[in-house]
Structure formats: structure tokens, C-alpha cells
Amino acid sequence: MKKIIYFIATLFGLFVADAAIAQCCAAGNPVGGDGSQDAMKKNQLSVFAAYRYSYSRDYYHLSQKEDIQNIEKSFYNYGSLSLSYGINWRFTLHSEMGYYFDKVQVVNLTGGQETIEAKGIGDMSLNLRYSLLPQKIVNENRLVFSLGGRFPVGQFNEVQDGVKIPVALQPSSGALKVNSSLFYSHKNEDAQIGWSAFAFFEWSNQINEGLIVYKYGNLFLLEATAFYPVKSSTVISLSSKAEFRSMDKKENDLGIESSGGMVLYIKPKIQLKIAHDLYLHTFGEVPVYKYVNGYQLTNLFAFQVGLRKSFSL
Amino acid sequence: MPAKHKIIFLPLLVIISCFLLNACQQDQEATPEPEPTVNLALDSITTTKKHIVMFEEILITAHARGENLQYFWETNHGSMLSQDSITVRYWGCYSCVGMNTIQCTVSNEFGSISDTIMVQVDQWK
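Top line first, the protein sequences correspond to chains Z and R.
Numbering (my numbering) for the first sequence: 339 to 651.
Numbering (my numbering) for the second sequence: 151 to 275.
Hints in this document: simulated from the structure, not taken from any laboratory.
The beta-carbon is built from N, C-alpha and C at its ideal position, and this holds for glycine as well.
Just to be clear, a hint being listed does not mean it is correct.
Output of the computed footprint for chain R on chain Z, the stretches with three or more beta carbons under 8 Å from beta carbons of chain R [said to hold, decoys possible]:
#1 495-501
#2 536-550
#3 585-596
#4 630-644
So that you can see chain R by itself, here it is in the shape it has in the complex (with noise of 0.2 Å):
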């Protein structure tokens, strides 16, 4: 190849091979990836206070995916109430002082998946 020529190809060359490979990356991003099915997850569960007086009631909330889900609460020291599906009225009395565990369990078709949450309830000053 004459010298004159090679200077022309050269640099041909490169911009195919960018325009190539740049063509290659937006066929990859293009191309839809499949979404994992979420069958059962509990992402979290929060409080609108973690640190409590006796009787003072808080709201507790947990955040999960799936179908068909049902929720179960339970815990060591206090009472709750449900507000909701998904969200429990809890407060605590004299003889629940201490750090308490508050845990639900969410379950469906595909089994049942727990996480738990700790609230402090005080005496009243």
C-alpha cells in the first residue's frame, strides 16, 4: 500500500472501529434486561419514634413486596394494634420499660420472611 494511502486508512479505520464499537454498546443498553420476579422480600420496617414513653403510641411500618401477603406481629413487651395491612399502633406500659423487640413476619405462597425492630419505652420523668 503506497504511503499516501495508508495515511487515509489509518485513521478510517479507527473512526469504523469507535462507530463499531459504539454501535455495539447501544445495542447493549437497548437491549431490556429482565427484571427479577419479586416473590416475597421485606425490605424494612420502621417506627415514626424509637424512643418512646409508657402509653405513648407510635406507628410501625413494614415495608415489603410480593403477592398475596399476609403479616403477622408479635413482640417480647407491650401491645399493638392494627392500623392497617401492613402498619401496627404500638405503645408500652409499666411493666414493658426497657428496650423492647417488635418482629414481623410476612408470608405468602412462597414461604415467610422476618425482620425485627427495637423501640425503647421509658417511665414517665
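One chain only, chain Z, in its complex shape (with noise of 0.2 Å):
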């Protein structure tokens, strides 16, 4: 056991090494939509539907916000759909679909405002947890490696008046990415206060579809969380989450030098018991540091609120 936890760390202090800063409105699929990276108990079935808004406006460069309204704001609208499943109380299989309902761009022309949109499926993450502890029901501890990726289902070619529209406003990402994760959690049953850490990292394969010839930044999430239980019925939680993304590159192997930078982002969320095996999920999240490479949009703020509801088959 300690061997593959020794080899699980070494490959994420590969992936660290390897990966570097963020960008504002990547295509495809916000990461980790359902809101767990949790394992699930044997033949437990574990139903998910979200909702996440998305609003992204000010330019940066480097870590200052600069005066630049050619891009007037961009947001989106997107709902998902998550289905867990434990097949024993090792493994669990995870997949999640989402649809934007709208990914819109408006920009400030010479002639006056115009906009942007599209709308549709997205990509599909496909992912197997591999639980690395026995589950136990007192001063539990949780470690999830998981394997898996996201796979470019959704439209990719969606046109506005007879034009292509831009890559990063596409519904999906149009690129094949292979994850990795690992998740920490612990409580004592005597403790007030548990914690969980995730670490999550992303490789993208490149586009060459038509014109487009890109291959998105690797992306390497690392989230440390806080939780409390008010009551049973309730849970409140504290994230903190570092994005880091390297730099986009196009045609040639050439890089992209406005892409790619770091966001620190903070993670309020909620966890409500409404019903037996019905719980009400809802976070925000709001960047409280930026460092992008170049000059880039950011991101202002997001939300999603969910339902989960599980099954034992």
C-alpha cells in the first residue's frame, strides 16, 4: 500500500513540475461538475443534476487588471448530469454529461455592442475511482485515485449567421483530455471540524480538425477543504483551490503567449439533507488571486446548486 501511495505522490510531483498557469474561458466542461471526487459503497448508484452559471469580465495582465473593454464580459449557463456508481467498495465508475443552455461573448465594435453564442452538449467525463482504504464508520479516512478522461461528444462546429464560432466559446472542448486525481478526506469522530484535499491534473491531446490546429494548456487543480457538520441534516465547507494551466499552442508547436496563468480561487459551499439520500449541494466560488500570462479575461465569479440522490440497487 505504501507503494502505490509512494507512487501516486511521485507522479503528481511529476505533474506539478510540469504544469503551470491558468486561462479564463477554456472550452468544454468545467472540471469536477459534480462537486465529489468521493468512492461509493458497493452497488450504490449515485444520481447528480447541477446547475452552474459562469460570469467572466475583467482583462488581466499578469496580476493587474487592466482598462480593456473591446471584450464587454463573457458568461455561461450549464447544466449537468452525474451518474457514480460503486461496483465494489473498491472501485467506483463515474460519468457526467453537460449541456450549455448558453456560452456567450459580448464584445464592444466599432459599430456597438454584438454578441457571440452557442449552445449545446458538451464534452462526456468518463472516469474509475479506485478507493485505496477499507471504508470504516469512525475516524474515517478516504484516499480516491482516480483515472479517466474527457471526451469531445458535443458540438464542436457550432456557427452564427454562416460563421465558425471561436474555439474557446464551442460547447465542447473538441479535444480528447486524460485526468488523474487523487482525494483525501478525514474526520476523527471526536473532531468538530474534517478536511479533504484534492488534487486533480489534465492532459489534452491536440485539435486538427479543418483550420484548427490547438492543443490546450495542461491543467493541474489542487483544493484543500474545510468541513463542518451544523447539524445532521447540514454540512458547510471552506475551499481554497489553486488552478494552474501551462500555455495553449497552435500550428507549428508555437505557444500562445496570452494563455495559461494561475488562479486562486475561494470555495464557499453548502450541503443540505432534504430528504432520505436527497441532498441539496450548492457553492460559490470567486477568484481572490490572478496571475495570467499576457493579457487575458478573467473569471469574475461562479455558482452551481445541485441535487444528489442515491440509490442502493
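From these two lone chains plus the hints, build me the complex, please.
See below:
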């Protein structure tokens, strides 16, 4: 067991060394749409339906806000459906599909404001989670390793008035992405507060479709959470998430200077038990520090609300 | 034929031949040549400028012939909005710096045809 943990830790160490820097309006689905990276019990099925809104507005150069008005704002309304199934106590299969009700950019042109808008199915996510520690009732420690990918099954050729919409606004990323994550959670029976940590790495292959030759930069996420059960039906938590993205690349492997960066978010969350095995999950996500390569439009806030229902099969 | 008559006949033959030859040429010019039917043609793509800076807007127009034409525009980097049926407004943002390709595909019931134009987008100085 120690060897496995050491191997995974080493793997993530390499990922950290390779990853760098962030981006605001990446194409494709938001990461971790179901709000949980945990494993399931044997023959347990969890269904999670969520709605997410994200709003981007301010241009940044490095860590400074810039007064650039060419793009007024960018936002999306996104719905997702996740299924998680516990094959046994070790293995959990997780899948997720999403739909963009809209993905919009409002631009200020010489003739006035114009809107570029797309909608449609995003990428499909599929992951196999492996629980490294046996589940216990008290003094619970969870360590879950996940391996999977996001598949570009959705719309990547959205057109507005005969013009193909830019890659960043397409519902699907258009690229196959392979990802891996490690989730750790700990809560002592007598402790008021528990905590968890989550590390995620994603690599993207190159899009080579028509005129588009594009490769998204590597994405690396680190999230630490403290959670506190207020009552038996309510859990509040506060997370800090760091998102690193390396530069995107275009034709001839040329790096795109205004892509990639690092963003630090604060995420307050509430989990509310509504009925037996039915939970309401909601969280907000606000960037508190941004450092971007070149000049980029950055995210201002996002929030998500979702319902989770579990079934024993 | 007496020599006197030869002197008259030969110039007359030349004059008549020239007249007939000229008449034939006039007939050929007068015959209307059938125009080849233009089912589908994309003659050119033109732009107001080929070298711009970020967020500078240019108009790109496709000059095509045919009936029931449909236009499809795409680019590898940059943004476009339809201006009218044959023209788009193009601009490039920070991540679009460099030489970019804009392609127009024109199609109708006879098929489709494409052409491209290159536009250089530079950073602000």
C-alpha cells in the first residue's frame, strides 16, 4: 500500500513540475461538475443534477487588472448530469454529461455591442475511481485515486449566421483529455471539523480539425477543504482552490503568449439533507488572486446548485 | 485568255477573294458565342486590410457567382461576425497574434468551393 501511495505522490510531483499557469474561458466542461470526488459503497448509485453559472469580465495582465473594454463580458449557463456507481468497495465508476444552455461573449465593436453565442452538448467525462483505504465507520480516512478522461462528443462546429464560432465558445472542447486525480478526506469521530484535499491533473491532445490546430495547456488543480457538520442535516465547508494552466499551443507547436496562468479561488459550500438520501449541494467560487500570461479576460465568479440522490441497487 | 483580259481578271479575283474572306470573318463575329453557364464560382476573397493590430476590425468579402449561394466562414484564430450575405467583420484578440487564415466556403446544389485569405494580426505597440 505504501508503495502505491508513494508512486501516486511521485506521479503528482511530476505533474506539478510540468504544469503552470491558467486561463479564463476554456472550452469544454467545467472540472468536477458533481462537486464530489469520493468513492461509493458497493452497488450504490448516485445521481447528481446540477446547474452552474459562470461570469467573466475583467482583463488582466499578469496580476494587474487592465482597462480594456473590447470584450464586455463572457458568461455561460450550464447544466450537468452525473452518475456514480460503486462496483465494489474499491472501484467506483463515474460519468458526467453537460449541456450549455448558452455560452456567450459580448464584444464592443465600432458599430456597437455584438453578441457571439453558442449552445449545445459539452464533453462526456468518464472516470474510474479506486479507493485505496477500506471504509470505516469512525475516524474515517478516505483516499481515492481516479483515472479517466473527457471525450469531445458534443458540439464543436457551432455556427452563427454562417460564421463558425471561436474555439473558446464552442460547447465541446474538441479535444480528448486524459485526467487523473487523488482525493483524501479525514474526520475524527470526536473532532468538530474534518478536512479533505484534492489534486487533479489533465492533459489534452491536439485538435487537428479543418483550419484548427490547437492544443490546450496542461491543467493542474489543488483544492483543500475544511468541513463542519452544523447539524445532522447540514454541512458547511470552505475550500481554497489553486488552478494552474500551462500555455496553449497552435500550429508548429508555437505557444500562445496570452494563455495560461494561475488563479486562486475561495469556495464556500453548503450541503443540505432534504429527504432520505437526497441532498442539496451549492457552492460559490470567487477568484481572490489571478496571475495570467499576457493579457486575458478573467473569471469574476461562478456558482453551482445541484441535487444528489443515492440509491442502493 | 488574251493578256488584256488577264490584266483585268486577276485584280478582280483578288478583290472578290478579299471581299468573300472579310464577309466570312464578319459572319463569324456576328455569330453569338454561347456563354458557359456559371453554376458555381468563387472568384476571389478581398479584404479592406491584410495587416492589422489587435481588435482592429476589417471587412472580408467573398466574390462568388452562381445561384442559391450559401456562405460558410471559418478561421483558425480570431473572431468574425456576419456583416451581410457575402461579407464578414473580422478582428483578432490577444491570443490571435500572428498570421491567421480565413476561409470561405461557398456552396449550392452544384457543390462547394473554398478559398482562403491570410491576415496578419500584430500586438499593440
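Quick check: which numbered hints come out false for this structure?
Going through the list in order, the structure violates no hint and respects every one.
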